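S.K.: Below are the chains, spelled out letter by letter.
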Amino acid sequence: MENKLIKQISIFAENKPGRLEEITERLKTADINIRAFTIAEAGDFGVLRMVVDKPDKAHDVLHDAGFTVSETEVLGVEISDSPGGLHEIATVLGSNNINVDYAYAFATATEKALLIIRVDNISNAINVLQGASVALIGLDDVK
Amino acid sequence: MPEYWDPLIERMPADELKKVQEDKLKNLVRYVYDHSPFYRKRFDEAGVSPDDIQSLKDVKKLPFTVKQDLRDTYPTGMFCVPQSMVVRYHASSGTTGKPTVVGYTENDVKEWSTSLARGLTSIGVGRGDVVQVGYGYGLFTGGLGLHYGTEMVGASAIPTSSGNTERQIELMQDLGSTAIACTPSYFLHINEVANKNGISIKDDTNLKCGIFGAEPWSEEMRRRMEEQTGVKAYDIFGTSEISGPLFTECTYQDGIHIWADQFLIEVIDPKTGEQLPDGERGELVVTTLVKEALPLIRYRIGDLTIINSEPCKCGRTHPRIMRILGRTDDMIIVRGINVFPGQVESVLMDIPEVAEHYQLIVEREGELDSLTVQVEVTKDVFSDKISDLMKLEKKVGKALHTVLNITGKVELVEPGTIPRSMGKAQRVIDKRNI
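Protein chains in written order, with numbering that gives the first Met the number 0: chain A, 0 to 142; chain B, 0 to 433.
Don't take each hint at face value.
[Unchecked claim] Pairwise CB distance ranges, derived in the manner of DEER restraints:
(1) B:Gly76 with A:Glu13: 44 to 54 Å
(2) B:Thr401 with A:Asp52: 46 to 56 Å
(3) A:Ala29 with B:Thr371: 30 to 40 Å
(4) A:His86 with B:Arg222: 18 to 28 Å
(5) A:Glu13 with B:Val192: 14 to 24 Å
(6) A:Ala106 with B:Gln172: 51 to 61 Å
(7) A:Ile33 with B:Glu362: 53 to 63 Å
None of these hints come from the bench; they were simulated from the model.
Remember, predicted model here, so these are calculated numbers, not experimental data.
Glycine included, every Cβ here is placed at the ideal spot set by N, Cα and C.
Produce the complete structure using the sequences and hints provided.
M.R.: This is the structure:
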C-alpha cells in the first residue's frame with residue numbers, strides 16, 4: 000500500500016503578487032519538477048498543492064525558505080481520457096461511502112488522465128479502487 | 000544567594016515605611032521649591048507651599064507633572080542641580096515633538112542601580128549569574144540601567160544590546176548566560192532564530208530566567224514563553240523619566256514591587272485626577288522621593304494599573320503594581336469601543352493555534368473603522384485543508400468578539416511576515432488619519 004501513496008506538497012501562501020514566483024523559483028533552483036499543481040484560494044490566503052518528483056527535498060527547501068509547508072498523503076488515480084472516465088472513479092468511491100476532500104486532474108498526451116484525490120479514508124480508498132481494477136499511480140511513477 | 004538585597008528596608012513594617020515616605024516627601028517638596036524655578040512657579044500657581052505638606056495625605060494638594068512639562072522645558076529646565084552635578088544624561092526619542100532629556104547625579108545612578116539590585120536579588124539573580132543585557136545601550140535607559148544593576152549584585156553583565164540575534168545566541172551558549180533582559184517580543188525572536196538553527200533554549204543553554212519589559216505583555220504570553228523556553232519570565236517596569244527600568248516582580252510573579260523608600264505611587268482616575276483606592280484600576284502617578292537631578296512630583300506616567308499594598312508572600316512589604324494593563328495613550332478606539340492591545344493579546348495567546356507574533360491594523364473605510372488582526376500560520380497549525388484554516392479564522396474572530404465586543408477581521412498570514420522587533424514591538428498599526 001505504501002508505494003501507492005503520493006506525498007503531496009501543500010503550501011500556505013498569502014494571496015498577493017509574487018508569492019507563486021518565489022515558491023517556483025525555490026523549486027527551480029533545487030531542480031524539482033512539478034508534475035501536478037493547483038491553487039485553492041480562500042480570500043486573503045490560498046493553499047498551493049503540488050505533486051513533485053522529489054517531495055521530501057521540496058518540503059525541506061520550502062521549509063528552510065520560511066514557508067508554511069506540509070506533506071499530505073494523496074492518491075494518484077489513472078483514469079481513461081474519454082467520456083465517463085471520472086464518473087467511473089466517482090462511482091467506485093461514492094458507492095463505498097468514501098468522501099473526496101478535494102481533487103484535481105490532468106490530461107496528458109497519452110489516452111490516460113491523472114486524477115489526484117485527497118479522501119477521508121485513504122487505506123479504504125486504495126482497497127476499493129484496486130478492487131475495481133483502477134490503476135493507482137505511486138511515487139515511483141511521478142519521478 | 001541572599002534572599003533580600005536590603006532586608007531591613009525591603010521588609011520594613013508598613014507604618015514605618017509610611018513614616019520614611021512622609022519625611023522624604025516633606026524634604027522633597029522643600030527641595031524642589033528651593034532648587035527649581037519650574038516647580039516654584041507650579042506650586043505658586045496651585046496655591047500650595049511646602050509648608051502645606053505635612054503628611055502623605057497632603058500629596059493630593061500637589062499639582063501633577065506630565066511629559067509635556069519635560070518637553071516644554073527642554074532640555075534641562077526642570078533640573079534641580081547645575082550641570083556640574085550631572086554625571087549622566089539619557090534622552091528619549093521625540094516621536095511626537097521634541098525629545099525629553101533626563102539627568103542623574105552620582106547618587107541618582109546609585110539609587111537606580113540599588114532599585115534593580117533589589118529586584119534582581121528577588122528573582123534569584125546575583126553573584127555567579129551571567130546576565131545578558133539585550134536592551135538597547137545608548138540614549139535609551141534600558142541597557143545601561145540593567146547593566147549597572149547587574150554589576151551591583153555582582154553578576155557578570157554581557158552588554159550585547161539589542162540586535163545581532165545569532166551572535167546573542169552564540170554568546171548565550173559560550174558564556175553560559177543564566178538570565179537575559181530584553182523586550183518580550185525580542186526574546187520570542189531570539190527563540191525563533193535559535194530553533195531555526197537547531198538550538199533549544201531549554202536544552203542547549205543555561206538560561207533560567209528573563210527580565211522582560213519596555214512593552215506591555217500579557218499573562219498568557221508569559222505562560223507560553225515559559226513553556227516553550229523553560230525560562231522563568233519576569234516583568235520589569237520603569238520609564239526614563241523616573242530613571243529607567245527600576246522595578247521587577249519577585250519569584251512569586253504576583254505584581255511588581257515598587258520601592259516605597261524611593262518612590263511614592265498613587266493611582267488616579269485619568270479623567271478627574273482623583274485618587275483611587277487600592278485595588279481599583281487607574282492611571283499610575285509617581286513621585287520620586289530621592290532623585291536629585293530631576294525629581295518628579297506626581298508624574299503621570301500614563302500606564303494603567305492597580306495598586307496592591309498587601310505584603311507579598313516573599314516577605315517584602317512595599318506596595319506592588321499589578322501587571323501594566325496598557326497605557327492611556329496606546330488605547331485605540333475602534334467604532335467607539337476602547338481596545339487595549341494587551342486585551343487582544345490575552346485573547347490570542349489563549350488560542351493554542353495562534354503563534355506569538357500578531358499585529359492589529361486599524362483602518363477607516365468610508366465612515367467606519369475596521370479592525371484587522373493578523374495572525375501567522377505556523378507549520379503546527381497548517382493542515383492543508385482550507386476548511387480547517389477558515390475554522391481557525393472563525394475561532395479567533397469569535398473569541399475577539401466575545402472579549403472586545405467588536406467584530407474584527409482575522410487575516411491569516413505567512414510566518415515571518417509580521418515584522419520582528421529588536422526593541423519595542425509595534426503591535427498596532429493605525430492607518431486612520433485622525
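S.K.: All hints, please: hold or fail.
M.R.: To see whether the hints hold, each was checked on the structure:
Under the hint 44 to 54 Å, the C-beta atoms of Gly76 (chain B) and Glu13 (chain A), about 50 Å apart, fit the expected range. Separated by about 48 Å at the C-beta atoms, Thr401 (chain B) and Asp52 (chain A) satisfy the suggested range of 46 to 56 Å. Checked against the hint of 30 to 40 Å, the pair Ala29 (chain A) and Thr371 (chain B) passes, with Cβ atoms roughly 35 Å apart. Taken as a hint, the range 18 to 28 Å is violated for the pair His86 (chain A) and Arg222 (chain B), whose Cβ atoms sit roughly 54 Å apart.
Between Glu13 (chain A) and Val192 (chain B) the Cβ separation comes to about 22 Å, which falls inside the hinted range of 14 to 24 Å. Distance hint check for Ala106 (chain A) and Gln172 (chain B): the Cβ-Cβ separation is about 56 Å, which falls inside the suggested range of 51 to 61 Å. Checked against the hint of 53 to 63 Å, the pair Ile33 (chain A) and Glu362 (chain B) fails, with Cβ atoms roughly 37 Å apart.
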